[in-house]
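Asker: Following the hints, put chain R in place on chain W, whose structure we already have.
Number of protein chains: 2
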Amino acid sequence: MSSEPPVTPNIQNLITKNAQHVKNLTQQERDLPIPPAKKYAIVTCMDARIHPSKAFGITLGDAHIIRNAGASGVDALRSLVISQQLLGTEEVFIVKHTDCGMLKFDNSHLRNLVKERLNTDAAKDIDFLFYPDLEQSVRDDVAYLKGTGLLPEEVVISGWVYEVETGKCVRIV
Amino acid sequence: MSSEPPVTPNIQNLITKNAQHVKNLTQQERDLPIPPAKKYAIVTCMDARIHPSKAFGITLGDAHIIRNAGASGVDALRSLVISQQLLGTEEVFIVKHTDCGMLKFDNSHLRNLVKERLNTDAAKDIDFLFYPDLEQSVRDDVAYLKGTGLLPEEVVISGWVYEVETGKCVRIV
Chain W
6 MSSEPPVTPN IQNLITKNAQ HVKNLTQQER DLPIPPAKKY AIVTCMDARI
56 HPSKAFGITL GDAHIIRNAG ASGVDALRSL VISQQLLGTE EVFIVKHTDC
106 GMLKFDNSHL RNLVKERLNT DAAKDIDFLF YPDLEQSVRD DVAYLKGTGL
156 LPEEVVISGW VYEVETGKCV RIV
Chain R
6 MSSEPPVTPN IQNLITKNAQ HVKNLTQQER DLPIPPAKKY AIVTCMDARI
56 HPSKAFGITL GDAHIIRNAG ASGVDALRSL VISQQLLGTE EVFIVKHTDC
106 GMLKFDNSHL RNLVKERLNT DAAKDIDFLF YPDLEQSVRD DVAYLKGTGL
156 LPEEVVISGW VYEVETGKCV RIV
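Read top to bottom, the protein sequences are chains W and R.
Using the numbering used here, the first residue of the first sequence is number 6, and each one after it goes up by one.
Using the numbering used here, the first residue of the second sequence is number 6, and each one after it goes up by one.
With the rest of the complex left out, here is chain W (with noise of 0.2 angstroms):
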């Protein structure tokens, strides 16, 4: 009887890959400390197109990396304020993208497609954080972030677009 489920092809895929990285980890990497040594943290969309690394060009060791649907301010704020206060970060990247999903759908659909197919009302008070417009969302997120109180004023919030049909990031705020 256990309690483990069974190896999928996507779990023995993270296996084989994950032996190759171990391979391949430098002393240098494994050596690397806890807080980020450019004392940035970026958050971006969890959308399986975006490879933040290569993306914007970040060097392991260097940055926080938050993710999540629509890399959303308000949902990363947790994380945010542990980044600042616990390891120094100094500067905030937010970075959106085109064709989000969350350009596409809104709360009442997620929660009529959550109570029509699992019958549950537990999403009807979850906000799931869609956004009609792009840039405004971009815009309304770093606000949000200045106007939290929760990370000092000397914080630099930047917030961009990246284009997944392009690869590039553009600076809106």
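Keep in mind that the hints were calculated from the coordinates and are not lab data.
Don't take every hint at face value.
Pairs involving identical chains hold if they fit within one copy or between any two copies, as the list cannot separate such chains.
[Said to hold, decoys possible] Below are the EDC-like pairs computed for lysine to aspartate or glutamate, each with C-alpha atoms no more than 16 angstroms apart in a straight line: (1) Lys28 to Glu170; (2) Lys28 to Glu168; (3) Lys120 to Glu158; (4) Lys129 to Asp111; (5) Lys22 to Glu168; (6) Lys22 to Asp67; (7) Lys173 to Glu34; (8) Lys109 to Glu140.
Answerer: Leaving out everything else, chain R in the frame of chain W:
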């Protein structure tokens, strides 16, 4: 009167590296669809020492990657419901890691820091989701996600620990 912050060294780094990324991105990568090809999501920590695509063998376009302080399944629930309901995710990995900052502090410590440094009580109701035991936290988060009723029972949820000192990913549940 611009509201844009100055171009910091980290911003300049992003601009320079991103210009190279635009040149490197293949047409196939530009054309990737929204739904992850391999229908899975990985929840891991924001920690600067974790490179998910290398450590867990994720090809661009294959999986949602959610990252927050501590690889919290509680914090990731909103994103996971979106990933599963709207984008077809059938499998979830929770991957926490050794030497995580979330093992080293607690709510009262961080709330006191915020109060002292920023002179605000705004953190007093935030649960920062610290945990004292790494493997137990993996088990707890997997159990939490299974118990929400917000992910179908057939979604496979496994729990892992990534060893930052070796690069090895070890299955817990």
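Asker: When the structure is checked against the list of hints, which entries are broken? Sort them ascending.
Answerer: No hint contradicted; all consistent.
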